[in-house]
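Asks: Top line first, the protein sequences correspond to chains A and B. Numbering-wise, our numbering puts 235 at position 235 of the first sequence, and it's gapless, one number per residue. The number in our numbering is simply the position in the second sequence, starting from 1, with 304 added.
Derived from the structure by calculation, the hints contain no laboratory data. Ideal Cβ positions, reconstructed from N, Cα and C, are used throughout, including at glycine. Hints may contain errors.
As the list claims (entries may be wrong) - Straight-line Cα separation of at most 25 Å, SDA-like style, residue types lysine to any residue; simulated pairs:
no.: 1; chain 1: A; residue 1: K211; chain 2: B; residue 2: R319
no.: 2; chain 1: B; residue 1: K528; chain 2: A; residue 2: S56
no.: 3; chain 1: B; residue 1: K312; chain 2: A; residue 2: S58
no.: 4; chain 1: B; residue 1: K312; chain 2: A; residue 2: L267
no.: 5; chain 1: A; residue 1: K211; chain 2: B; residue 2: L318
no.: 6; chain 1: B; residue 1: K312; chain 2: A; residue 2: D217
no.: 7; chain 1: A; residue 1: K211; chain 2: B; residue 2: R316
no.: 8; chain 1: B; residue 1: K312; chain 2: A; residue 2: E197
no.: 9; chain 1: B; residue 1: K312; chain 2: A; residue 2: S110
no.: 10; chain 1: B; residue 1: K312; chain 2: A; residue 2: S208
no.: 11; chain 1: B; residue 1: K528; chain 2: A; residue 2: L267
no.: 12; chain 1: B; residue 1: K528; chain 2: A; residue 2: S58
no.: 13; chain 1: B; residue 1: K312; chain 2: A; residue 2: L214
no.: 14; chain 1: B; residue 1: K312; chain 2: A; residue 2: S56
What the hints assert, rightly or not - Take a look, some chain A residues computed to stay more than 10 Å from chain B by CB distance:
no.: 15; residue: S43
no.: 16; residue: G154
no.: 17; residue: I194
no.: 18; residue: A203
no.: 19; residue: I216
no.: 20; residue: P251
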Amino acid sequence: MSTVMITQKRRRRLRHDWPWMAAFVVPAALLVVAVQFYPLLFSAYLSTQDWTLTSSQSSEGFVGLQNFAKVLQNDVFQRAVRNSALITGTAVVLEMIIGTALAYLAAGSSRIIRAVRTLLILPLVIAPVAAGTLWRMMLNSQMGLTNYLLSFLGIQGPDWLGNADWALVSVIIVDVWMTTPFVLLVVLAGVSSIPDELHESAALDGASRWKSFLYIDVPLMAPLLLLTFLFRMLESLLSLDSIYTLTLGGPGYATFTMTYYIYTLGLRSFNLGMAAAASWLFMSFATVALLVVFWLQRRWQTAQ
Amino acid sequence: MSSGSFTKGIQRVLRVLALTIACLVVLVPLGYLLLNSVKPQSEMYTIPPIIFPSHITWEHFEAAFNNPRTLRFLTNSLTVTGITTAVTVVVSTMAAYGLSRMGLRAGVLSLIIFVFLFIRFYPRITTVIPYFLVMRQLALLDTVWAVIIGHLGITIPFVTWLMLIVFQDLPREVEEAAEVDGASPLQRFGLVALPMAAPGVASAAILTAFLSWNEFLIASSVTKRQAQVLSIAVASFVTDRGVQWGPMAAMAVIMIVPMILFALFVQRYLIRGITLGAVKG
Chain A
1 MSTVMITQKR RRRLRHDWPW MAAFVVPAAL LVVAVQFYPL LFSAYLSTQD WTLTSSQSSE
61 GFVGLQNFAK VLQNDVFQRA VRNSALITGT AVVLEMIIGT ALAYLAAGSS RIIRAVRTLL
121 ILPLVIAPVA AGTLWRMMLN SQMGLTNYLL SFLGIQGPDW LGNADWALVS VIIVDVWMTT
181 PFVLLVVLAG VSSIPDELHE SAALDGASRW KSFLYIDVPL MAPLLLLTFL FRMLESLLSL
241 DSIYTLTLGG PGYATFTMTY YIYTLGLRSF NLGMAAAASW LFMSFATVAL LVVFWLQRRW
301 QTAQ
Chain B
305 MSSGSFTKGI QRVLRVLALT IACLVVLVPL GYLLLNSVKP QSEMYTIPPI IFPSHITWEH
365 FEAAFNNPRT LRFLTNSLTV TGITTAVTVV VSTMAAYGLS RMGLRAGVLS LIIFVFLFIR
425 FYPRITTVIP YFLVMRQLAL LDTVWAVIIG HLGITIPFVT WLMLIVFQDL PREVEEAAEV
485 DGASPLQRFG LVALPMAAPG VASAAILTAF LSWNEFLIAS SVTKRQAQVL SIAVASFVTD
545 RGVQWGPMAA MAVIMIVPMI LFALFVQRYL IRGITLGAVK G
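All chains should be built: construct the whole structure from the sequences, respecting the hints.
Replies: And the structure:
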């Protein structure tokens, strides 16, 4: 009886408040429409136009899906797709493994361990452009610190940024260095939300630490780990800054990723039509990944 | 028993070893950057490299600050970050409160949350080129406003999403009691909900500041000279013909050291903000 009354009262109040609450939302909504939705539609339009800004101030006409065909047949684009898959695939798997391991190793509340955690998350706040520059110096084959340190171990370091394969490895190293702390933080938060009693009763039953990790922590954190994986995957695909300062896409086209390819196409060669077409191809992939993320989140929330 | 404590001892040693290596992997590159920024030019390009300079020189920083452009980069970065953060926090907190108290149906709210998620993760490069054209049309190219509005387009949806999580977690009873006492919607927002959400607002503000300060793609696409920010200054050394490690390192230090100090200072809020979005979603 009383619940019914409260619900009715709440409903009446909500109707009364609605204009206020809508007014609160208006400025944000306007901005999002102007700065996100409008450019998105504009970009969809651009993808069907023949327009290179360096040769013409306005579009030279509708070309249908020709831009898409040109992009798909482009060697550099195909290489960029392969590079993106390789870099993101390798980097994110490494980040998940190292980040999870470090989260367990760096758990605890003593003063030293807290200082260690503070240190470990520093790369997260460093600007990616600066991280790229810093590793550009580190990985210089002659004058850099990395190969100098390797020489003490009797290893002759490779020409990191000059060799096409090692340049890809370098990009992966920088991605891992920058964002492993993110995985560490998320896993740490996930672990601390697992009730201690579960571990205690498992220990009483004689389960080893490894077993209780495998049979308690992993199943409980599976949704979180999967989401973190997808978040990191999307973010890694979009990263541009660190590649820009680390390799400039080189040597040659060796470290062109999809993002970097679209960037040079649009903002260096100013081929607006092709750049827009390439970004919509990229977008369709990202949207599928996002729908998976979203579906998982909803499912996970209702399960809780 | 003794073999148990022996394996325990080994485990302990391995843990310390692993954490030490991890700390070194973080610290050594940062230390190397700092050393390069105070290393004399003559010791910069030697083979094998000289790690610790024979004496500390401030010449790279002096050169940087003697260049009027550096000060402009710095003031532009501060302006962009300051305005972006202030506007984002006000606009997004209000929007999140409105959305969470509007009594929207679950389906509608889900859709809105998906839009936020989409804006956060779709390839931003898609909208950068049209955004550049729009700014050109409005004659805003190469102004800090082009950078600020571009940043707001990212930070407002992101922070609204974060604050939505915060407001949905707040207990409604206090607000309902305030309403019974005759508080207006504005009073309930400003005097009741906002103080309870204050730690969340702090996290959101700090994350926004980092995002805006470190951002490169939008800033590089809509600026040429006047409105350039620090991220562009750091990146610009890469395309220069000669290798200029000293000035390049100094500029990177100017950009990241204030943020590292800031991060140490506000660590708790920063970590809360970073994990909030991932854990709660």
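Asks: Hint by hint, say whether it matches the structure.
Replies: Against the structure, the hints:
1. At roughly 18 Å between alpha-carbon atoms, K211(A) and R319(B) fall within 25 Å of each other, so this suggested pair holds.
2. With a C-alpha separation of about 20 Å, the suggested pair K528(B) and S56(A) falls inside the 25 Å cut-off, and the hint holds.
3. Of the supplied pair hints, the one linking K312(B) and S58(A) is violated, its CA atoms being roughly 72 Å apart against a limit of 25 Å.
4. A distance of roughly 57 Å separates the Cα atoms of K312(B) and L267(A); the hinted pair therefore is violated under the 25 Å criterion.
5. Of the supplied pair hints, the one linking K211(A) and L318(B) holds, its CA atoms being roughly 19 Å apart against a limit of 25 Å.
6. Simply put, K312(B) and D217(A) have alpha-carbon atoms about 21 Å apart, close enough for the 25 Å limit, and the pair holds.
7. Under the criterion of a C-alpha separation no larger than 25 Å, the hint pairing K211(A) with R316(B) is consistent with the structure, at around 19 Å.
8. A hinted pair counts as satisfied when its Cα atoms are at most 25 Å apart, and K312(B) with E197(A) qualifies at roughly 22 Å.
9. For a cut-off of 25 Å, the pair hint linking K312(B) to S110(A) stands: about 19 Å separates their Cα positions.
10. For the given pair, K312(B) sits about 12 Å from S208(A) by alpha-carbon distance, which is consistent with the 25 Å threshold.
11. With a C-alpha separation of about 12 Å, the suggested pairing of K528(B) with L267(A) holds against the 25 Å cut-off.
12. Distance check on the hinted pair: K528(B) and S58(A) sit about 21 Å apart at the alpha-carbon level, within 25 Å; holds.
13. With a CA separation close to 20 Å, the supplied pair K312(B) and L214(A) stays within the 25 Å bound.
14. Pair hint K312(B) plus S56(A) does not hold up; C-alpha atoms about 72 Å apart against a cutoff of 25 Å.
15. Non-interface status of S43(A) relative to chain B is broken: a Cβ of that chain comes within 10 Å, the nearest being about 5 Å off.
16. Even its closest Cβ contact with chain B, about 14 Å, leaves G154(A) beyond 10 Å, as expected for a residue assigned away from the interface.
17. The non-interface label for I194(A) is consistent with chain B: the shortest C-beta to C-beta separation is roughly 12 Å, beyond 10 Å.
18. The Cβ of A203(A) sits about 14 Å from the closest Cβ of chain B, beyond the 10 Å cut-off, so the non-interface label holds.
19. With a least CB separation of 18 Å from chain B, I216(A) remains clear of the 10 Å interface cut-off, as annotated.
20. Separation of P251(A) from chain B is adequate, the least Cβ-Cβ distance of about 14 Å exceeding the 10 Å criterion.
Violated hints for the displayed structure, listed by number in ascending order: 3, 4, 14, 15.
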